[in-house]
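A.B. asks: Those protein sequence lines, which keep their order, are chains A and B. In case it helps, the numbering used here puts the first sequence at residues 1 to 314. In case it helps, the numbering used here puts the second sequence at residues 1 to 313.
Honestly, the hints are just simulated from the structure, not real lab data. Because the structure is a prediction, the values reported are computed rather than measured. There may be inaccurate statements among the hints.
[Said to hold, decoys possible] Short derived list, chain B residues pointing at chain A, Cβ under 7 Å:
id: 1; residue: Tyr-7
id: 2; residue: Asn-55
id: 3; residue: Lys-57
id: 4; residue: Phe-61
id: 5; residue: Lys-175
id: 6; residue: Glu-220
id: 7; residue: Asn-230
id: 8; residue: Glu-234
id: 9; residue: Leu-248
[To be verified] 20 Å max Cα-Cα, derived EDC-like pairs, lysine to aspartate or glutamate:
id: 10; chain 1: A; residue 1: Lys-81; chain 2: B; residue 2: Asp-235
id: 11; chain 1: B; residue 1: Lys-5; chain 2: A; residue 2: Glu-270
id: 12; chain 1: A; residue 1: Lys-81; chain 2: A; residue 2: Glu-270
id: 13; chain 1: A; residue 1: Lys-81; chain 2: A; residue 2: Glu-274
id: 14; chain 1: A; residue 1: Lys-81; chain 2: B; residue 2: Glu-253
id: 15; chain 1: A; residue 1: Lys-223; chain 2: B; residue 2: Asp-243
id: 16; chain 1: A; residue 1: Lys-223; chain 2: B; residue 2: Glu-253
id: 17; chain 1: A; residue 1: Lys-81; chain 2: A; residue 2: Asp-109
For glycine and all other residues, C-beta sits at the position ideal for the given N, C-alpha and C.
Listed below are the residues making up each chain.
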Amino acid sequence: MKETLGVYDYWPYHNRPRIQWPNGARVAFWVAPNIEFYELDPPHNPHRKAWPQPSPALPGYTIRDYGNRVGHRRQMDLLDKYGVRGSVSLSVALCEHHPEIIDMVAERDWEIFSHGIYNTRYTYGLSEEQERDMIRDSIQSIYRHTGQKCAGYLAPALSHSEHTLDLFAEVGSELFGDEAGFYSCDLFHDDQPTPVQVRNHKRFISMPYSLEMNDTIVYAVNKVEPRHYGTMLKRHFDRLYEEGKDSGTVMCIPTHNYQVSCPHRMRAFEEALEYITGHSDVWVATGREIAQHYLAHHYDTALADIANKNGGAR
Amino acid sequence: MSLDKHYLDYPMRRYGHDHDRFDWNMLADRRPVVWPGNKRLAVWINTSLQFYPLNQKGIPFKVPNGMAMPYPDLRHYTLRDYGNRVGIYRFLKAFARYGIKPTFAINSQLALDTPYLLEQLQATGGEFICHGWNMDHLHYGGQDKHEEAELVKRSVQTLRELVGSPVRGWLSPAKNQSWHTPDLLADNGIEFCCDWVNDDMPYRFRTEHGPLTMMPLSTELEDQFIIGQNLHSEDAWVEQVKDAFDFLLQEAEHQGGRMLALNIHPWMLGQPHRISSLEAVLDYISRHDAVWQVTASEIVDEFLKQTGSEAQS
């Protein structure tokens with residue numbers, strides 16, 4: 001086990017080279033709906049229990065199924081209304097289970113990125129080869145079902161190994177060269193994209209995917225009231241919009257439709273979306289679009305600045 | 001030590017759900033249901049009446065809201081008992097005031113042990129749903145099938161004999177089931193179940209003994225969930241129920257009828273400082289003319305009448 005993660009360098013938030021988003025936008029705003037499949041009878045993993053009760057663990061399983069049967073459609077209507085194309089963090093087995101949802105995502109020209117095969121199959125305990133196979137399966141399945149070359153990765157149920165980012169970058173390169181496997185949502189250290197070092201030395205970045213704004217963390221872990229979540233989203237946006245005058249920032253709302261699309265929570269989410277998209281200098285984009293822009297225009301200056309601030313070490 | 005290679009086998013990776021209890025479809029795609037009188041929102045007010053034993057065994061887990069301290073946990077035992085002695089009478093007064101047709105999900109042991117309470121509940125003309133034997137008799141994966149069969153039969157038969165009418169619905173303690181629970185329910189003549197919280201409308205559910213109707217009884221909106229587990233204020237509970245109500249009404253305008261399933265507990269909302277919150281919700285609901293406020297069975301019957309044979313899945 002390592003004491004430090006060691007995949008990015010210390011790089012202070014102030015005095016960075018300025019990020020310029022298209023059309024002078026201050027904030028690149030993206031919404032990442034997690035479209036997940038949790039299994040009714042998942043296999044045992046000694047490192048993490050899938051459910052608190054013996055299978056069938058209906059309390060957890062059935063509310064997640066609510067997301068698929070009821071919630072995604074509500075969110076699609078809402079994102080359509082406010083002109084937001086989602087960037088879907090997908091439990092890839094959903095391509096087989098619920099292809100109708102995948103079709104609706106494709107019709108909307110949304111992005112799909114990998115969130116593993118099932119959200120009840122953890123990375124913990126997998127050998128490097130097993131994890132590589134699982135990631136390869138996910139990228140290939142996304143391509144087979146949608147023609148998309150998967151750009152991003154969020155490890156299933158946020159379960160990681162020391163090689164998760166390396167493997168994702170490598171499998172992306174193996175299958176589609178630089179067109180796949182170039183951003184990670186698994187790091188929460190910054191409000192701007194940052195370069196990440198991976199084993200194959202590919203141009204690879206971390207994309208801000210805020211856990212603090214993640215509805216499951218907000219509702220299920222921090223037990224926040226729905227209206228207050230709306231307030232948090234607005235405050236989060238206000239500050240990033242303000243700071244974005246000087247250098248472009250990224251705001252992400254990661255959602256789960258078994259949380260945010262419950263009837264008692266829709267209003268707060270809609271108010272926040274209306275507020276954010278009602279600002280003129282917002283670039284409403286997908287994860288891939290933000291990552292590509294950053295890689296094309298800011299990645300090299302970022303690397304140079306990081307090296308400079310760390311005494312030219314890298 | 002790596003996991004067994006079979007950890008990445010996916011035997012149920014296929015079209016539809018990873019079980020065969022019902023077919024996969026999305027709420028937004030189903031044929032719209034129109035409630036009687038052209039109402040848009042069916043409101044089912046479900047009061048759960050529960051007995052939490054002092055000598056809780058906690059098999060296979062400690063039931064939420066049950067005993068939490070070393071034996072004898074007088075604190076939780078009596079706080080829960082409060083609901084059946086005091087809180088419920090505040091509920092009944094509120095139901096009468098706002099003209100609510102109540103549904104009572106009751107533990108059969110509680111019905112057996114408190115005939116006066118049962119009589120008062122019956123006097124409301126409300127519906128009774130079997131809520132299992134008591135809150136420490138859980139239905140769970142790995143439970144002996146014969147033991148569970150006896151438990152279901154005893155719970156259903158006891159309540160039927162006591163209330164003198166067919167008990168048609170079932171709510172498992174903690175909404176927990178074994179793999180066999182739905183089959184055992186159907187075998188005992190139960191017609192609908194409230195445990196699977198995956199929809200905002202009823203739907204049909206397969207068992208070995210013919211179909212059940214699933215009546216999803218929202219957990220996320222429960223008083224014990226919002227106030228008890230999430231530690232939100234009573235006012236926040238009222239606001240959330242109203243927001244849910246408004247949203248479902250709005251959705252029903254263009255997608256067909258919806259159902260608001262509100263599960264409440266007299267040990268929670270029956271406290272003096274909380275009862276006005278229940279009254280605020282009932283007041284809000286009862287004012288609205290697009291609301292069809294009825295018992296669970298009335299919703300099931302109307303749903304089946306309108307969806308008929310297509311509801312077979």
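A.B. asks: Indicate, hint by hint, whether the structure satisfies it.
C.D. replies: Each hint tested on the structure:
no., hint, result
1, Tyr-7, "holds (6 Å)"
2, Asn-55, "violated (21 Å)"
3, Lys-57, "violated (15 Å)"
4, Phe-61, "holds (6 Å)"
5, Lys-175, "holds (6 Å)"
6, Glu-220, "holds (5 Å)"
7, Asn-230, "holds (4 Å)"
8, Glu-234, "violated (12 Å)"
9, Leu-248, "holds (5 Å)"
10, Lys-81/A to Asp-235/B, "violated (30 Å)"
11, Lys-5/B to Glu-270/A, "violated (44 Å)"
12, Lys-81/A to Glu-270/A, "holds (10 Å)"
13, Lys-81/A to Glu-274/A, "holds (9 Å)"
14, Lys-81/A to Glu-253/B, "holds (17 Å)"
15, Lys-223/A to Asp-243/B, "holds (17 Å)"
16, Lys-223/A to Glu-253/B, "violated (31 Å)"
17, Lys-81/A to Asp-109/A, "holds (15 Å)"
The structure fails to meet hints 2, 3, 8, 10, 11, 16 from the earlier list, while all remaining hints are met.
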